[in-house]
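> Now for the letters of each chain:
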Amino acid sequence: MDAGLESLYREVILDHYKNPRGHGVIEHADAEAEGQNPLCGDEVSIYVAFGEDGETIDEVKFSGRGCAISQAATSMLMEMTKGRTADDVASLDKEELLAEIGVPLTPVRLKCAMLGLTTLKVALHKAKGTPLPDGLAGFDDLELT
Amino acid sequence: MNAVPKLNAHTLRADFPIFEQQMHGKPLAFLDSAASSQKPRQVLDAMTEFYETSYANVHRGVYVLAERATEALEHARERVRAFLNAPDVREVIFTRNATEGINLVAYAWGLSNLGPGDLVVVTELEHHSNFVPWQFIAGKTGAEVRMIPLDEHGELDLSVLEGIAHDGRVKVVATNLISNSLGTINPVAKLAEWAHAQGAIYVCDAAQGAPHTKIDVQALGVDFLAISGHKMCGPSGASALWGRAELLQAMDPFMTGGHMINSVRLEKTTWGELPHKFEAGTAPMAEAVGLGAAIDYLEAIGLDAIEAHEHELAAYALGRLGDVPGIKLYGPPADRRAGIVSFNFEDIHPHDVAQILDLQGVAIRAGHHCCQPLMQKLGVAATNRASFYLYTIPEEIDQLVDGLHAVRKVFA
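Taken in sequence, the protein lines are chains V and X.
With this note's numbering applied, the first sequence corresponds to residues 1 to 145, in that order.
With this note's numbering applied, the second sequence corresponds to residues 1001 to 1412, in that order.
Please note: incorrect hints may appear among the correct ones.
To be verified - Capping the alpha-carbon separation at 20 Å, the derived lysine to aspartate or glutamate pairs in EDC-like fashion look like this:
id, chain 1, residue 1, chain 2, residue 2
1, X, Lys1377, V, Glu43
2, X, Lys1377, X, Glu1346
3, V, Lys18, X, Glu1346
4, X, Lys1409, X, Asp1304
5, X, Lys1409, V, Glu11
6, V, Lys111, X, Asp1358
7, X, Lys1214, X, Asp1304
8, V, Lys61, V, Glu34
9, X, Lys1409, V, Asp15
10, V, Lys18, V, Glu100
11, V, Lys94, V, Glu34
12, V, Lys18, X, Asp1347
13, V, Lys126, V, Glu43
These aren't lab readings, by the way, just hints derived from the structure by calculation.
With the hints as extra help, turn the sequences into a complete structure.
Here it is, written out as structure tokens:
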């Protein structure tokens, strides 16, 4: 494999892609949202169940289809956000997820990588009124599915 | 039978400066011409010369430069007229792109002529540019949109037409000539005839058709036809809509403002003559000159030679791709399609396929190709698409096939 391939499709990405963590659906979830990537038509749904305090993410799952980058990034996100509070995740900096992904992304692939995080923040916004993610902030009237 | 003229793509490539570079240390295999074509030196030179010798705003000044610029723009309009075999040069309207041309018809004709009980008939093969405007205007007027479905070869199933005609008044039939996604060549003359039998107008999206096959609007019997300059070796920003003069005359303007008027008074403004009524604001002048030069370039090669070359490449690509394990090909057989091949590869997402191919110097499109209704029909979110043009050589298809083997290795 040449150097370019090695760096983008490194082992950890392929591992998350082939064995996604938190893949599935939570029935009667406390928060959920569906996101689309208009560039490729990919869709992801995110489901959240809160713990007894109603704030801490007890369980978080995702379903949908996507490329290796979006699926791996969303899988990593599931691991990163479980056990954190809604407020904490709503302010989660995208750099934190990018550091976890650990490979340089072109602007198009950045959208793939951010689909899960954006959708999760929308889910939390709908359930808890936490701030919308960058790019959607200020569009509170937007009809979010 | 006359021998089909041949072009030499290896020689023609020398006209295209873009191929003088490498990508990731490999020769550039550019297989995304259906999205936008590359530009030959002749087109770039024509635009530069216009800027350097003849540039001023058109149709206004009385000085020499303004006259030269106007002459250059109107010469380009005449080149488009001849290219489409349109009866009258006043029927050729410059637009930014084919999307704008279709929107012009949807708004300027549709808003005044559509209402409840009326049907707009499109196909499952449409680019969003020939679907969304109709859906939007139908929503505003109370008309309904119907779709002609595809059969298992990715070709239109015309057996539904009779049923559609019983559902309401068919007022518009809008289809493409060549599908940007599957390469399917649609029976436009037949559809136009059916449309007229219903008392409908027929609108042709020839964005993919015009680069690849000789178009004759009179022989096709269409009412409106939109072309996309940047897909046929012209620059981005200059395209054209052709429409029948009597329809255009009766229509309201699409956009209003400078240049498109006859007289403006506080109480009332009157519209200019065709084509100016539909060309508000300053035209894409240098770009239109570039489009005229692109037409000169294509006609010097010959549209029949370009078409034959693409059929040859499509057959070669379908054959070579068919030998790659795990490939699913979409669309009709090679003899019934233009130089566009859509495929999926095992269960690997097209974005990943295209990204790894890029590292092999191969540029293809991965996505829904602005055809989400079609993707829904195929049961996928996206496909890979390789598309060819007059400068495409078989070696680029070989490079694609080699690249796909590399993709497979990554995901093995």
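> Confirm or reject each hint.
Each hint, compared with the structure:
1. Only pairs whose Cα atoms come within 20 Å are accepted, and Lys1377(X) paired with Glu43(V) is accepted, the gap being roughly 16 Å.
2. Our distance criterion of 20 Å between C-alpha atoms is met by Lys1377(X) and Glu1346(X), whose separation comes to about 19 Å.
3. A C-alpha spacing of about 14 Å is found between Lys18(V) and Glu1346(X), which places the hinted pair at or below 20 Å, so the restraint holds.
4. For the given pair, Lys1409(X) sits about 40 Å from Asp1304(X) by alpha-carbon distance, which is inconsistent with the 20 Å threshold.
5. About 13 Å separates the Cα atoms of Lys1409(X) and Glu11(V), which keeps this hinted pair within 20 Å; it holds.
6. With a C-alpha separation of about 18 Å, the suggested pairing of Lys111(V) with Asp1358(X) holds against the 20 Å cut-off.
7. With a CA separation close to 7 Å, the supplied pair Lys1214(X) and Asp1304(X) stays within the 20 Å bound.
8. Note on Lys61(V) and Glu34(V): the hinted pairing holds, with a Cα-Cα distance of about 12 Å set against a maximum of 20 Å.
9. Among the hinted pairs, Lys1409(X) with Asp15(V) is consistent with the structure: their alpha-carbon atoms are about 15 Å apart, no more than 20 Å.
10. With a C-alpha separation of about 17 Å, the suggested pair Lys18(V) and Glu100(V) falls inside the 20 Å cut-off, and the hint holds.
11. With a C-alpha separation of about 19 Å, the suggested pair Lys94(V) and Glu34(V) falls inside the 20 Å cut-off, and the hint holds.
12. Using a Cα cut-off of 20 Å, the hinted pair Lys18(V) and Asp1347(X) holds, with the two alpha carbons roughly 11 Å apart.
13. A threshold of 20 Å between alpha carbons decides the hint, and for Lys126(V) with Glu43(V) the separation of about 18 Å falls inside it, so the pair holds.
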